Amino acid sequence: MQIAEIDLSKYSNQYSSYTELRLHENRLLNIALLNGDIVSNMQDTNGGVSARVFDKGAWGFSSNPNATNDSIETTIQAATRNAEFLAKRSGDPEHTLPRSQASASSDSNTQKPRKTQDEIIAFLKGIDTYVGDHCPDIVSRQVVLNCLDMEKKLQTSEGSSGHNTNSRSIIAVKLTTRNEAGEPIELSQAIGDRGQFEDVFETPERIHTAVDEMYEHLMNKKTAVKPVSGYHDVILASDLAGILAHEAIGHTTEADIVREGSIAGDYLGEQIASELITLVDFANSHNGEILPMPIYMDDEGVESHDAILIQDGVLKSFMHNKDSAQHFNMPLTGNARAFSYTDEPLIRMRNTAILPGKDKIEDMIASIDDGYLLMRPTNGQADTTSEFMFGVQMGYEIKNGKLGRAITDTTISGVAFDMLKEVTMLSDEMVWGCAGMCGKKQPMPVGMGGPAVKTKVFIGGE
Amino acid sequence: MTNKDIALKTLAKISKAGFSDASTRVVAEEFHELQAENGAINLMRTNFEIDVGITGIKDHKKASLSVNKTDHETLEKTVDNLSDMARGASPDDAYGIAEMQPAEAFDAGPGEPDYDRMYDRIVEVQDYAKQQYPDLHFGSVAITFGNRRSVYVNSNEVQFESRRGVYRVSTMFTSKRGKQTSSMNYFNYSAYDLDTPVQDMVNADALMRQSTEQIDTRNIPGKFTGDMIITPNALGSFVGFLTGKISDAALISGTSVFKDKLGESVTSDKLNLRSCPVADGVSSGYWVTGDGYKAENSTIVENGVLKSYLLGLYGANKTGLPRAVNAGGCYQIDEGETDLEALIGGVEQGILIGRFSGGNPNDRGDFSGIAKNSYYVKDGKIQFPIKETTVSGNMVSLLNSIKAVSKERLNFGGSILPWVLSDGVIAS
Chain A
2 MQIAEIDLSK
12 YSNQYSSYTE
22 LRLHENRLLN
32 IALLNGDIVS
42 NMQDTNGGVS
52 ARVFDKGAWG
62 FSSNPNATND
72 SIETTIQAAT
82 RNAEFLAKRS
92 GDPEHTLPRS
102 QASASSDSNT
112 QKPRKTQDEI
122 IAFLKGIDTY
132 VGDHCPDIVS
142 RQVVLNCLDM
152 EKKLQTSEGS
162 SGHNTNSRSI
172 IAVKLTTRNE
182 AGEPIELSQA
192 IGDRGQFEDV
202 FETPERIHTA
212 VDEMYEHLMN
222 KKTAVKPVSG
232 YHDVILASDL
242 AGILAHEAIG
252 HTTEADIVRE
262 GSIAGDYLGE
272 QIASELITLV
282 DFANSHNGEI
292 LPMPIYMDDE
302 GVESHDAILI
312 QDGVLKSFMH
322 NKDSAQHFNM
332 PLTGNARAFS
342 YTDEPLIRMR
352 NTAILPGKDK
362 IEDMIASIDD
372 GYLLMRPTNG
382 QADTTSEFMF
392 GVQMGYEIKN
402 GKLGRAITDT
412 TISGVAFDML
422 KEVTMLSDEM
432 VWGCAGMCGK
442 KQPMPVGMGG
452 PAVKTKVFIG
462 GE
Chain B
6 MTNKDIALKT
16 LAKISKAGFS
26 DASTRVVAEE
36 FHELQAENGA
46 INLMRTNFEI
56 DVGITGIKDH
66 KKASLSVNKT
76 DHETLEKTVD
86 NLSDMARGAS
96 PDDAYGIAEM
106 QPAEAFDAGP
116 GEPDYDRMYD
126 RIVEVQDYAK
136 QQYPDLHFGS
146 VAITFGNRRS
156 VYVNSNEVQF
166 ESRRGVYRVS
176 TMFTSKRGKQ
186 TSSMNYFNYS
196 AYDLDTPVQD
206 MVNADALMRQ
216 STEQIDTRNI
226 PGKFTGDMII
236 TPNALGSFVG
246 FLTGKISDAA
256 LISGTSVFKD
266 KLGESVTSDK
276 LNLRSCPVAD
286 GVSSGYWVTG
296 DGYKAENSTI
306 VENGVLKSYL
316 LGLYGANKTG
326 LPRAVNAGGC
336 YQIDEGETDL
346 EALIGGVEQG
356 ILIGRFSGGN
366 PNDRGDFSGI
376 AKNSYYVKDG
386 KIQFPIKETT
396 VSGNMVSLLN
406 SIKAVSKERL
416 NFGGSILPWV
426 LSDGVIAS
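In the order they appear, the protein sequences are chains A and B.
Under our numbering, think of the first position of the first sequence as 2, with each following residue one higher.
Under our numbering, think of the first position of the second sequence as 6, with each following residue one higher.
Chain A on its own, in the form it takes in the complex (with noise of 0.2 Å):
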């Protein structure tokens, strides 16, 4: 049956206490080439039911791959049953959760004729055909599409109820090519948007475009020099602000991270940043436009709304789920998310973002003597400390206002709390990024963004 034909309401006689109960499918279509051919070609479809029941404090959680009658109340009851135990031996009947009562629907299903797998395997194809015809120099190519459709309905006993479905789909191309030693040099990019592949990529010129400006750059890195370790003058492109607004500020003010002895539980309403920073997690939109992961109920029923982070430098506040937000007292931000039907929602980002300035990237280029511009993130971790870290695979040496030589694939790092002080030009374009994933217990998509961003930072080399 489909979850759009199961009445979740017909349920809530059986809750006996504070319960969500949630129908939840991920839909993921992965095909991979590799030098032409077809390394993977996959589709996984994996939901079921879940229940979470809150009692004195303790959860108890319960999920079903099948989402028949007798296995939701099955679930239901098991849930109720875990809840129980733990509150029993170690409940705490003062422990509550604020209220909320919500409701959304969203649909990301595409209202065109859904592709073939013939036509999207000829299309990925194309793209294969274009980078060898395009990209003479290069000794391998991956052209790698992931397509992710999460669909969830939810109904708690406060009331709440949604079916929201979320869909993203990328291509990822890596080339690699040999300098003049033999020794492997590559250069990937991710390039997608939110919705179905049918939405995303109509036409293949976006990708056409960005692999004629991917094998530029990957020419330049064949002459790549290392960079000089320690601490530098840096512009971080703007699709590096998006990882930089993420690891090195967003986590550390999830109010879970926070709880666990995050740094910036000191420093609420402290001036942690410079005046030009206001950072913020949108719920759905900004500026009219809907963002890479738009959350309008999150997975404890409650409104998603845009938590503001930190403004003109000031932490404001954090993300919260209904728990963090009753231990801290702090408004409901909706940024409780599962990723699987097996999984419990956590405090996760949804669209974070550094907002822009009023500089243009060629005067911020201009104002630095001796630095680096930045571009490309690969992964990047963060600390209860604030110390952040990412991988850095394509950038070049700003000498005297210009750029010069293009530098090896490096990493960036810094601590946040201080790298914000030191920022002192934001470029006025915002980009965004879909591509993100993550890793904070369970796997998560995000959507990620910002300017170009002129600060300090530390870079590894020799």
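I should point out that these hints are in silico values taken from the structure, not numbers from a laboratory.
Here the structure is a predicted model, which is why all the values come from computation and not from measurement.
One or more of the hints may lead you astray.
Each computed BS3-like pair below joins lysine-lysine, with the alpha-carbon atoms no more than 30 Å apart [stated by the list, open to error]:
1. B:Lys135 / A:Lys89
2. B:Lys266 / B:Lys312
3. B:Lys392 / A:Lys457
4. A:Lys227 / B:Lys228
5. A:Lys223 / B:Lys228
With chain A's structure known, arrange chain B on it following the hints.
Just chain B now, kept in the frame of chain A:
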């Protein structure tokens, strides 16, 4: 209907749909979890999960699908989808499935969770930390138990059945004094039982003690090129480069730095690396590879010489190189000849790295990242915990520069790893 019935019926459907080669894997798991957050056990989870994975090859075109339903209608539809997916694919002679092997069944571990013990072990480690390390704060401590039953069948009459019940322990913690916070740290392991207190496993007690020391960190005296002692907890980040570059994608693409190196020296002769998914005491292993072969333990590097690539069936057919006898993972590095104390004592200047937070190394092996939960070592002695220290170098050079391997090793349930001393790392 049993899971084996489901697997065989689905296999018959795939064959009937015209696939010359077909396989089905059915995995069912009962999953139980107790989790404490911020000192209180506040989550009890019971999940019932099932996954049906099918693969078919028709006219040398391959497709794979997985669903987590076992009703007749869903499986019929899934096989239809498989046909559609294969139709659009490109033919490749390298696709294949495992050849006929004798049917076999495997079994290990308990069948039911001991919830009382799970509960008590969580309380015990939190109480221990509270007494011994008052500044330490557990963000989370979780103990799970999974009882997983798998059936693999293919059209070459391969039939494997297995069941494994295993506990997994995971923790996350920081230490805090006033406004000073340590870097977060964690330890994870798996085991067939909970006989041993958590604080006595995988160097946990030392990691908790170190966390409290790491509230007060200092910068290293200055940039230097020196030694790096890689702890077992951090070693996976470094072994991962080698194992990744001897696997399918890197070897098929021709970009691996270990291409054409089989039988040649690729690391220091002090390194012996094995993949042991079926070794005694390995609770996170596997008996059957994804391709449908009975897994065996293997030697990857022996005295520095590359003895085996980690190629699956497709990679082996594509490159003409031998297929690995397992699917990698469960890495064990042989114990060395040096006591840990002597290993540290031999360091003139270096970093003892407890956790590596770094960017993915590029294809050449260049790496750069932050030394987290780490110490400055000088004149054979651990001096102080460090902050904001970047270590960089090259993975290939690092592996070739291994000077010593400790006698002591930690058993994480899947991997068994020692402390490894290498040099030529830039710390700044």
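Tested hints:
| no. | hint | result |
| --- | --- | --- |
| 1 | B:Lys135 / A:Lys89 | holds, 23 Å |
| 2 | B:Lys266 / B:Lys312 | holds, 9 Å |
| 3 | B:Lys392 / A:Lys457 | holds, 17 Å |
| 4 | A:Lys227 / B:Lys228 | holds, 16 Å |
| 5 | A:Lys223 / B:Lys228 | holds, 28 Å |
Figure legend: structure checked against the earlier numbered hints; every hint is met.
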